[in-house]
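Q: Protein sequences, first through last, are from chains A and B. Sequential numbering of the first sequence, starting at 1, is according to this note's numbering. Sequential numbering of the second sequence, starting at 266, is according to this note's numbering.
Source of the hints: derived by calculation from the structure; they are not laboratory data. Quantities reported herein were computed from a predicted structural model and do not represent experimental measurements. Be aware that one or more of the hints could be misleading.
As the list claims (entries may be wrong) - Once the Cα atoms are required to be at most 20 Å apart in a straight line, the calculated SDA-like pairs of lysine to any residue come out as:
#1 A:K58 with A:S38
#2 A:K134 with A:S207
#3 A:K134 with A:K43
#4 A:K202 with B:L367
#5 B:K469 with B:Y485
#6 A:K203 with B:E386
#7 B:K469 with B:G442
#8 B:K422 with B:I565
#9 B:K563 with B:E386
#10 B:K321 with B:I565
#11 B:K422 with A:E28
#12 B:K321 with B:I283
#13 B:K422 with B:Q562
#14 A:K203 with B:T385
#15 A:K256 with A:D209
#16 A:K43 with A:K58
#17 B:K422 with A:Q90
#18 A:K134 with A:T64
#19 B:K422 with A:S4
#20 B:K422 with A:D209
#21 B:K322 with B:Q562
#22 A:K203 with B:R400
#23 A:K202 with A:A115
#24 B:K506 with B:G480
To be verified - Which stretches of chain A does chain B cover? Using the computed rule of at least three CB atoms under 8 Å from a CB of chain B, they are:
#25 107 to 120
#26 203 to 210
#27 244 to 253
Ideal Cβ placement from N, Cα and C applies to all residues, glycine included.
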Amino acid sequence: MQESVLVVGQSHVRCLGITGSTIKSSGEKLDFMFQTVSPGPPKIEALLLYMGLMSPEKIVDVITEHANEKILVLLWQGNFHLSEYLILRQPMFDFVYSSEPTLPLLRENIIVPEAMVEAAFERPLGDLHHWINKIRARRPDIRRIIVAATPPPKGDEEFVRLRIQREFGLQRQEQLDTGSEYAVCAAVVRYKLWALFMRGYKKCAQSLDAEYLHIPVAAQDESGFLRPEFYEDDVTHANRRYGDLFLQHLQNYLQKTGDSDASSL
Amino acid sequence: MLHPYKSQPIDAFWGRSISRNWDAISLRRESPILTSQDRIVSLGSCFAANLVPHLKKSGYTYIGEEPRHTAFDALPPENFSYEKFSAAYGNVYTPRQFLQLLDRVEGRFSPAEDRWFVGTEIVDPFRPGLRYRARTVVEYEALTQSHLMAVRRAFSKATVVIFTLGLTEAWMSKQDGAVFPACPGTVSGAFDDSKHIFHNFTVKEVVEDLGEIIGRLRAYREDIRLLLTVSPVPLVATATKAHVLEASTYSKSVLRAACGEIAGTYANASYFPAYEIITGPQAPDDYFESDRRNVSQKGIESVMQVFFASCADATPAIAISTSSVDGTPREMARRMVIAECEEAASEL
Numbered sequence: 001m002q003e004s005v006l007v008v009g010q011s012h013v014r015c016l017g018i019t020g021s022t023i024k025s026s027g028e029k030l031d032f033m034f035q036t037v038s039p040g041p042p043k044i045e046a047l048l049l050y051m052g053l054m055s056p057e058k059i060v061d062v063i064t065e066h067a068n069e070k071i072l073v074l075l076w077q078g079n080f081h082l083s084e085y086l087i088l089r090q091p092m093f094d095f096v097y098s099s100e101p102t103l104p105l106l107r108e109n110i111i112v113p114e115a116m117v118e119a120a121f122e123r124p125l126g127d128l129h130h131w132i133n134k135i136r137a138r139r140p141d142i143r144r145i146i147v148a149a150t151p152p153p154k155g156d157e158e159f160v161r162l163r164i165q166r167e168f169g170l171q172r173q174e175q176l177d178t179g180s181e182y183a184v185c186a187a188v189v190r191y192k193l194w195a196l197f198m199r200g201y202k203k204c205a206q207s208l209d210a211e212y213l214h215i216p217v218a219a220q221d222e223s224g225f226l227r228p229e230f231y232e233d234d235v236t237h238a239n240r241r242y243g244d245l246f247l248q249h250l251q252n253y254l255q256k257t258g259d260s261d262a263s264s265l
Numbered sequence: 266m267l268h269p270y271k272s273q274p275i276d277a278f279w280g281r282s283i284s285r286n287w288d289a290i291s292l293r294r295e296s297p298i299l300t301s302q303d304r305i306v307s308l309g310s311c312f313a314a315n316l317v318p319h320l321k322k323s324g325y326t327y328i329g330e331e332p333r334h335t336a337f338d339a340l341p342p343e344n345f346s347y348e349k350f351s352a353a354y355g356n357v358y359t360p361r362q363f364l365q366l367l368d369r370v371e372g373r374f375s376p377a378e379d380r381w382f383v384g385t386e387i388v389d390p391f392r393p394g395l396r397y398r399a400r401t402v403v404e405y406e407a408l409t410q411s412h413l414m415a416v417r418r419a420f421s422k423a424t425v426v427i428f429t430l431g432l433t434e435a436w437m438s439k440q441d442g443a444v445f446p447a448c449p450g451t452v453s454g455a456f457d458d459s460k461h462i463f464h465n466f467t468v469k470e471v472v473e474d475l476g477e478i479i480g481r482l483r484a485y486r487e488d489i490r491l492l493l494t495v496s497p498v499p500l501v502a503t504a505t506k507a508h509v510l511e512a513s514t515y516s517k518s519v520l521r522a523a524c525g526e527i528a529g530t531y532a533n534a535s536y537f538p539a540y541e542i543i544t545g546p547q548a549p550d551d552y553f554e555s556d557r558r559n560v561s562q563k564g565i566e567s568v569m570q571v572f573f574a575s576c577a578d579a580t581p582a583i584a585i586s587t588s589s590v591d592g593t594p595r596e597m598a599r600r601m602v603i604a605e606c607e608e609a610a611s612e613l
């Protein structure tokens, strides 16, 4: 049987090539969009959820309706590390990321234990755990669930600074400059937060007998940041070119792993 | 000629100042123990931690060099008193522990037994109760260095140090005399009688250590003041052969006597009688909780009442830092992410 894949998620799904208006002809906002993003084989469909507009029941309904006998790929949320830590009170914090202990440590910052950062990630990771269990309970016939990593942060400080300035205005941006009460989290700390968060995604997937798919290596520069050619014009997202790279990466992974499940990986 | 008692004030007589007309305020200090210009560092036993919120609320400048970063304020608070004091040293029960902390900060002392490997974690023997522990040697050393730098910053800024002495009984490393805040194996780590030894400090040792502490503090600031108090909280347990009540009395008596000697010797050292307010025969029964060990809120408030009556500018205006940036950093970061992906609101 030919494999069919459904990629489900929120804003990070957009880069896969979902197009069209999010407003219905009636003026109402769509709460999800469903499109084929690669004819295949394997055929890949994308389901973009606007979760803020949906009840938890409807989220599960929509996913399970579209996931019928497909391989389910969760490109799930993944911006928690930015929504919580992009802008920080000074002095900022840093931590030793145990998986990459040689990364620079900003010693002028407050050094916090990695275990504390991990504890702060428990809530969003618990949410992911919750959704996977909900989906599994409703549709035990879903063949495979793959938790995919979301794109790494952008290392270009000036690029990030300008997008924040665009959002908050120049005056506020000046208040985020060196010496002010708040500041933009340093790139290396953003990278560590993302990497730790993705380590949590992997652990979560493994604990639920699901699979974890890391980002395509070609998307990262030598320091682990998203390569500039894959930048969307904002702080947090990757562009369509990254989406194409991701789809290719996913196809390669599916080809390599065939019909195997997580236990044989 | 009149005998010397004839010229003594009312406070010098038990009958006139305690049996009749008792008012705790009569214990207030003549010279202000704090002024609004002071910058306070405090440390000591768990009783010392009880005083910190009152000091902060009073409007005096309480130095806090190692608070939890606000990015993690949704997490449960730290164990014990690590987040309460001027840096995250937790409870410092004995003068020797305090002295060694100062020496570690200055690189004069590097304890041989400076880490315990417990399962997959590395425990700081001098802060064994920390909730979040290091997992690698690199991380452990970074966290310890960061902590000691925060301690150094705190003492560098202080004009007055409040030290509440708690215990004379301590467990030490046989190798170099490093004093642990708790017996290895109780909060964490493992007890090993080939490595760990019990010691009960004498008045002489406490006096010597306090003298050394004053010397170390003066290196930060010549006119720094040391305000000593003794914790009224009895020992939770003794490692001596004595009954815990006798051991507790010994401990508190030694500490109290040493404080008296130090306050009488050094111009920049003074004593505040929190211990007497709570444990004196005049104290009401309800200054202790029903376990007769923990000091009640009423008892603490009574101590603070006398404490602030002994301060200049007892209730100065609290300086509130105002920011021109709207909202907290987290609110700004969330807005940034929501602006870019509206559904992100659901993951917040």
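Q: None of the hints should be skipped; say for each whether it holds.
A: Hints and how they fare:
no. : hint               : verdict
1   : A:K58 with A:S38   : violated, 26 Å
2   : A:K134 with A:S207 : holds, 15 Å
3   : A:K134 with A:K43  : violated, 25 Å
4   : A:K202 with B:L367 : violated, 43 Å
5   : B:K469 with B:Y485 : violated, 25 Å
6   : A:K203 with B:E386 : holds, 19 Å
7   : B:K469 with B:G442 : holds, 17 Å
8   : B:K422 with B:I565 : violated, 27 Å
9   : B:K563 with B:E386 : violated, 40 Å
10  : B:K321 with B:I565 : holds, 15 Å
11  : B:K422 with A:E28  : violated, 59 Å
12  : B:K321 with B:I283 : violated, 31 Å
13  : B:K422 with B:Q562 : violated, 30 Å
14  : A:K203 with B:T385 : holds, 17 Å
15  : A:K256 with A:D209 : holds, 18 Å
16  : A:K43 with A:K58   : violated, 25 Å
17  : B:K422 with A:Q90  : holds, 19 Å
18  : A:K134 with A:T64  : holds, 10 Å
19  : B:K422 with A:S4   : violated, 65 Å
20  : B:K422 with A:D209 : violated, 54 Å
21  : B:K322 with B:Q562 : holds, 16 Å
22  : A:K203 with B:R400 : holds, 17 Å
23  : A:K202 with A:A115 : holds, 16 Å
24  : B:K506 with B:G480 : violated, 35 Å
25  : 107 to 120         : holds (count 11)
26  : 203 to 210         : violated (count 0)
27  : 244 to 253         : violated (count 0)
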